[in-house]
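Asks: Sequence lines, in order, name chains A and B.
Taking this note's numbering, the leading residue of the first sequence gets 2, the next gets one more, and so forth.
Taking this note's numbering, the leading residue of the second sequence gets 2, the next gets one more, and so forth.
These are computed hints drawn from the structure, not numbers from a lab.
It is possible that some hints are incorrect.
Stated by the list, open to error - Cross-link-like lysine to aspartate or glutamate pairs, in silico, EDC-like; alpha carbons within 16 Å at most:
1) K10(B) with E213(A)
2) K10(A) with E213(B)
3) K121(A) with D88(A)
Note that the structure is predicted; figures quoted are calculated from it, not measured.
There are 2 protein chains.
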Amino acid sequence: MVTAMHTKKFDITLKSVKRYLERSANLNIIRILDKTHPADIAHLFRHLSMEDKKRLFMIVRANDSLAADVLSELGEPLWDELVTDLDAQAASDIVQEMESDVAADFLGVLEEDKAQEILKLMKDDKGAREVRKLLDYDEDTAGGIMNPEVFAVEERVTVAEAIDRIRQSDEFEMVFYVYVIDHHRHLLGVISLRQLITSPPDLPLRQIMNPEPVYVTVETDQEEVAKEVEKYNLLAIPVVDAEHRLMGMVTVDDVIEVIREEATEDLYKMAGTDDEEITSKSAFKIARIRFPWLTATLVAGVLNSYLINSFQDALHKVIALAAFVPVILGMGGNIGGQSAVIVVRGMALGRIDTGHLFPVVFKELRVGLLLGFIYGNLLGLWAYYSFETPPLLGVVVGLSICASMLFAVLIGVMYPMLFKRVGIDPAVATHPFVTTSTDLMGIVIYFTIARALIP
Amino acid sequence: MVTAMHTKKFDITLKSVKRYLERSANLNIIRILDKTHPADIAHLFRHLSMEDKKRLFMIVRANDSLAADVLSELGEPLWDELVTDLDAQAASDIVQEMESDVAADFLGVLEEDKAQEILKLMKDDKGAREVRKLLDYDEDTAGGIMNPEVFAVEERVTVAEAIDRIRQSDEFEMVFYVYVIDHHRHLLGVISLRQLITSPPDLPLRQIMNPEPVYVTVETDQEEVAKEVEKYNLLAIPVVDAEHRLMGMVTVDDVIEVIREEATEDLYKMAGTDDEEITSKSAFKIARIRFPWLTATLVAGVLNSYLINSFQDALHKVIALAAFVPVILGMGGNIGGQSAVIVVRGMALGRIDTGHLFPVVFKELRVGLLLGFIYGNLLGLWAYYSFETPPLLGVVVGLSICASMLFAVLIGVMYPMLFKRVGIDPAVATHPFVTTSTDLMGIVIYFTIARALIP
Numbered sequence: 002m003v004t005a006m007h008t009k010k011f012d013i014t015l016k017s018v019k020r021y022l023e024r025s026a027n028l029n030i031i032r033i034l035d036k037t038h039p040a041d042i043a044h045l046f047r048h049l050s051m052e053d054k055k056r057l058f059m060i061v062r063a064n065d066s067l068a069a070d071v072l073s074e075l076g077e078p079l080w081d082e083l084v085t086d087l088d089a090q091a092a093s094d095i096v097q098e099m100e101s102d103v104a105a106d107f108l109g110v111l112e113e114d115k116a117q118e119i120l121k122l123m124k125d126d127k128g129a130r131e132v133r134k135l136l137d138y139d140e141d142t143a144g145g146i147m148n149p150e151v152f153a154v155e156e157r158v159t160v161a162e163a164i165d166r167i168r169q170s171d172e173f174e175m176v177f178y179v180y181v182i183d184h185h186r187h188l189l190g191v192i193s194l195r196q197l198i199t200s201p202p203d204l205p206l207r208q209i210m211n212p213e214p215v216y217v218t219v220e221t222d223q224e225e226v227a228k229e230v231e232k233y234n235l236l237a238i239p240v241v242d243a244e245h246r247l248m249g250m251v252t253v254d255d256v257i258e259v260i261r262e263e264a265t266e267d268l269y270k271m272a273g274t275d276d277e278e279i280t281s282k283s284a285f286k287i288a289r290i291r292f293p294w295l296t297a298t299l300v301a302g303v304l305n306s307y308l309i310n311s312f313q314d315a316l317h318k319v320i321a322l323a324a325f326v327p328v329i330l331g332m333g334g335n336i337g338g339q340s341a342v343i344v345v346r347g348m349a350l351g352r353i354d355t356g357h358l359f360p361v362v363f364k365e366l367r368v369g370l371l372l373g374f375i376y377g378n379l380l381g382l383w384a385y386y387s388f389e390t391p392p393l394l395g396v397v398v399g400l401s402i403c404a405s406m407l408f409a410v411l412i413g414v415m416y417p418m419l420f421k422r423v424g425i426d427p428a429v430a431t432h433p434f435v436t437t438s439t440d441l442m443g444i445v446i447y448f449t450i451a452r453a454l455i456p
Numbered sequence: 002m003v004t005a006m007h008t009k010k011f012d013i014t015l016k017s018v019k020r021y022l023e024r025s026a027n028l029n030i031i032r033i034l035d036k037t038h039p040a041d042i043a044h045l046f047r048h049l050s051m052e053d054k055k056r057l058f059m060i061v062r063a064n065d066s067l068a069a070d071v072l073s074e075l076g077e078p079l080w081d082e083l084v085t086d087l088d089a090q091a092a093s094d095i096v097q098e099m100e101s102d103v104a105a106d107f108l109g110v111l112e113e114d115k116a117q118e119i120l121k122l123m124k125d126d127k128g129a130r131e132v133r134k135l136l137d138y139d140e141d142t143a144g145g146i147m148n149p150e151v152f153a154v155e156e157r158v159t160v161a162e163a164i165d166r167i168r169q170s171d172e173f174e175m176v177f178y179v180y181v182i183d184h185h186r187h188l189l190g191v192i193s194l195r196q197l198i199t200s201p202p203d204l205p206l207r208q209i210m211n212p213e214p215v216y217v218t219v220e221t222d223q224e225e226v227a228k229e230v231e232k233y234n235l236l237a238i239p240v241v242d243a244e245h246r247l248m249g250m251v252t253v254d255d256v257i258e259v260i261r262e263e264a265t266e267d268l269y270k271m272a273g274t275d276d277e278e279i280t281s282k283s284a285f286k287i288a289r290i291r292f293p294w295l296t297a298t299l300v301a302g303v304l305n306s307y308l309i310n311s312f313q314d315a316l317h318k319v320i321a322l323a324a325f326v327p328v329i330l331g332m333g334g335n336i337g338g339q340s341a342v343i344v345v346r347g348m349a350l351g352r353i354d355t356g357h358l359f360p361v362v363f364k365e366l367r368v369g370l371l372l373g374f375i376y377g378n379l380l381g382l383w384a385y386y387s388f389e390t391p392p393l394l395g396v397v398v399g400l401s402i403c404a405s406m407l408f409a410v411l412i413g414v415m416y417p418m419l420f421k422r423v424g425i426d427p428a429v430a431t432h433p434f435v436t437t438s439t440d441l442m443g444i445v446i447y448f449t450i451a452r453a454l455i456p
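Let the hints inform the model, and build the full structure from the sequences given.
Replies: Written out as C-alpha cells, the structure reads:
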C-alpha cells in the first residue's frame with residue numbers, strides 16, 4: 002500500500018532519487034515511485050533543479066494515472082514548465098486520468114489552442130464534455146473550483162439502498178455527505194455519512210435528511226464559498242445552478258487552497274505586486290506588474306521634489322533641515338502602514354466592521370498620539386543636542402514627527418474604510434495612497450513649522 | 002431543526018434582533034435564537050454595538066449549552082469582553098458544555114486565577130482533568146489544538162462491531178475516520194468511514210486498515226500539522242505522544258483556522274505589528290507592539306541625518322539636491338519591499354527553495370535593472386528639465402535611482418533567505434532591515450555620485 006512518509010524518510014528518498022537521476026538509474030527510481038504517495042512525489046519535484054524535474058517527470062509520465070495524480074498535487078506553478086515538452090496526445094492521455102475539476106484547472110493554464118486540441122483527443126467523451134462545461138465558469142467562482150462528480154440519490158431511496166450504492170460506486174473519491182435530489186436533480190437535502198450508518202436501514206432518506214442544506218450557486222465567489230464552509234465547519238458544500246439543480250460540490254481541501262491563495266494574494270497586493278511573479282520568468286512581465294505602485298511612488302517623489310524646492314528659502318537658511326527629511330517621512334510611512342494593515346486585514350476577516358468606524362479611528366488616534374509624543378521627544382532631543390544651530394531645530398523636528406505620525410495613523414485607518422465603502426479593493430489601493438499622502442503631508446508639516454519657528 | 006441561513010435571511014434576522022434589543026423584547030429574541038444556527042448567532046454579534054453585544058449575550062447565556070456553542074463560534078477576540086461580567090460559577094456551567102479543546106482555548110485567554118477557579122467549579126471531573134491536561138500543551142502545537150475526544154477501537158474488532166460502536170457513541174462529534182489501536186492505546190492504523198461501510202462486516206479492522214497512517218506528535222508545531230493535512234488532503238490527523246499512544250486528533254476545521262491565523266500573523270509581522278492589536282484596547286499595549294519596528298526606523302533616521310549632515314558641503318553647493326532625497330529613498334524602499342514580500346511568502350508556501358538561491362536572485366536582479374533603468378531615465382530627465390542648474394543634476398538623480406533600485410532588489414531577495422538560513426523568522430526581520438539598508442545606502446549612493454559629478 003502506498004502511504005505517507007515523514008520528514009526523515011522523505012529526506013532519504015530525496016537523496017536516493019537525486020543520486021539515481023544522476024546515474025540515469027531509471028529502474029531504481031520507478032521502484033521508489035511505486036512505494037511513494039503522489040503528494041510526496043510532488044514534494045520531491047520542489048526540491049529538484051529544473052533539469053532534474055524534467056528528467057523525473059519523463060519517468061513519471063510512463064504511467065498516465067500516476068502522472069495525473071502527481072500533476073494534481075503539484076499545482077499551477079509547475080504545470081506550464083513540465084508540460085511544454087509533451088505532445089497533445091500524451092497530454093490528453095494524462096488529462097483523461099485527472100478528476101474533471103483538476104483537468105479544467107490544468108487546461109485553463111495552457112494556451113487556448115493547445116487545450117482545445119487536448120480535449121479533442123480525449124477518449125472519454127463524457128469526461129471531455131464535463132471538463133468543457135467547467136471551463137466555461139469563471140475560475141474564481143464555485144463553478145470554477147467545484148467537482149462535478151458528486152454522490153447524490155433520490156429522496157425515496159432507503160438508508161440501506163444508499164449504503165449499497167456507495168459500496169458500488171468507486172468513481173466518487175470524496176464521499177462525506179449524501180446529497181438528496183428529486184428526479185430533476187433539484188437539491189432537496191443532505192445527510193452525513195455518519196448519520197447514514199446510524200439510521201434505521203429501511204427509512205427513506207427523505208425522512209432523515211437535513212431539508213435545508215447550506216449551498217452555493219455556480220456563480221458564488223470562491224472567497225464566499227470558503228467563508229460558508231468555514232462558518233459551518235463543513236467538509237463539502239453543494240453547488241447548484243440557477244434552477245437549484247445539483248451541479249457539483251466544493252470539498253474542504255479546495256477551500257484550504259482558496260484560503261491560502263487569497264491570503265497570499267492580499268499580501269502581494271498590499272506590496273503592489275502579484276502572485277504571477279512567482280510563475281513568470283520574464284523580467285518585462287514582472288516589471289509591468291510592479292509598475293503601478295512604483296509609478297505612484299515616482300509621481301509622489303516628483304511632487305515632493307517640487308514641494309521641497311518651494312521651501313528653498315528655509316533650506317538656504319538652515320541646511321541642517323535636509324538631514325531630518327528621511328526620518329520624518331520614514332516614521333510617518335511606517336506607522337501609517339501599520340494602521341492600514343490592521344484595518345485592511347481586519348476588514349477582510351470580518352473582525353472590523355465598517356459600520357462602526359468611530360471606535361477604530363479613536364483607538365488608532367490614541368496610539369498615534371502616544372507614539373508621536375514619544376518619538377517626537379526622542380528625536381527632538383537628539384536634534385537639539387547634536388546640531389548646535391539653530392537652537393529651535395529640536396522643537397521643529399519634534400513637533401513635525403508628532404504631527405506627521407498622528408496624521409499618518411488617521412490616514413492609515415480612514416483610507417481603507419473609505420475605499421471599501423466606495424467599492425475599491427482596499428488591499429490594492431491603501432498602501433500607495435497612505436505612503437504618498439504621508440510623504441507629502443510630512444514635508445508640508447515640517448517646512449511650515451520650520452518657517453514659522455526659525456526666523 | 003436548526004439550519005444555516007443565507008445572506009438575505011441573515012440581514013432580516015439581524016434587523017429584527019436589533020429592533021427587539023432596543024425594545025428589550027427578550028422573548029421575541031429567544032424565539033429567533035431557537036431557530037438560528039450557533040454560527041449565525043455568533044455572526045450576529047459581529048454586527049452589533051458593544052452594548053447590544055452584552056445584552057444579547059445576557060439572553061444567550063440563559064441556556065448554557067447554547068452559550069457554549071456560540072462562544073465556540075465567536076472565537077478569541079470577543080471572549081474577553083463578554084465573559085468579564087460573568088461570575089465563576091456561571092462561566093463554569095458554560096465551559097462544562099464546551100468541547101474540551103475549545104474549553105482549553107477559552108480558559109487560556111482568561112487570567113490564570115479565574116481559569117483555575119472555573120476549573121475547580123466544574124461538575125464533570127473527567128472533563129476538567131482533560132481540559133487541565135490540554136492547558137499544559139503549548140498553544141501553538143498539535144497538543145494545544147487537538148480534540149482529545151477521538152473515536153478509536155482495538156484491532157481485533159470487526160467492521161460490524163465498529164459500525165455498531167459508532168451508532169452508540171454520540172459524544173464524538175466528528176467521526177470521519179476510525180483509528181485503530183492496541184490495548185495500550187498505541188496507534189496502529191486508520192480506516193475511513195467510507196472504507197468501513199464498504200468492507201465485509203465480519204473482517205477484523207486489522208485486515209482492512211491502512212497500517213501506516215499519517216500522524217503528528219503532541220509537540221508538532223501547528224503550522225506543520227496544517228501542512229500535513231493539506232498535503233494529503235485529510236479530514237483529520239491523529240496526534241500521538243512520545244510513546245506513540247493516541248492522544249487526540251486535529252480536524253480540518255481547526256486546520257483552516259490555523260492557516261488563516263498564520264497568514265494574518267505573517268502579514269502583521271511584515272508590517273511590524275501583531276494580531277493582538279485587534280483585541281487590545283490599551284493604546285500603551287499597542288504602542289509596545291509597534292515599538293521595535295518604529296525604533297528601528299528611528300535609529301535608521303538618526304543615522305541618516307548624520308549621513309546627510311556629513312554631505313553638507315555638497316548640499317551647500319547645490320541646495321536642489323535635497324529635493325530628490327525622498328524619491329530616491331521611496332523608490333528603493335518600495336521595490337525592495339516588493340522583492341522581499343515575494344521571497345518571504347514564497348518561502349513560507351514552499352514555492353521558493355532556499356537551496357536554489359541563484360535563479361531567484363538573478364531574476365530579481367534583471368527586474369531591478371530594468372525598472373531602475375526606466376525610472377532612472379524618467380526621473381533624470383524630469384530633474385534635468387525642471388531644475389536649470391546644475392546641468393548634471395539629472396544625471397546624478399538618474400544614476401542614483403537606478404543604482405539604489407538595483408541595490409534594493411538585491412537586499413530584498415538576499416535578506417529573507419539569509420534570515421531563514423540562520424533561523425531568524427524572515428517575516429519579522431526582513432522589512433525593517435530592507436528599508437533601513439536601502440535608506441542608508443540610497444543616501445550614500447546619491448551624495449557620492451553628486452560629489453563626484455558636480456564639481
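Asks: Hey, K10(A) versus E213(B), does the alpha-carbon distance stay inside 16 Å?
Replies: holds, 13 Å
Asks: Straight-line Cα separation of K10(B) and E213(A) no greater than 16 Å?
Replies: holds, 13 Å
Asks: Is K121(A) close enough to D88(A), meaning Cα to Cα at most 16 Å?
Replies: holds, 13 Å
Violated hints for the displayed structure: none, as all numbered hints are satisfied.
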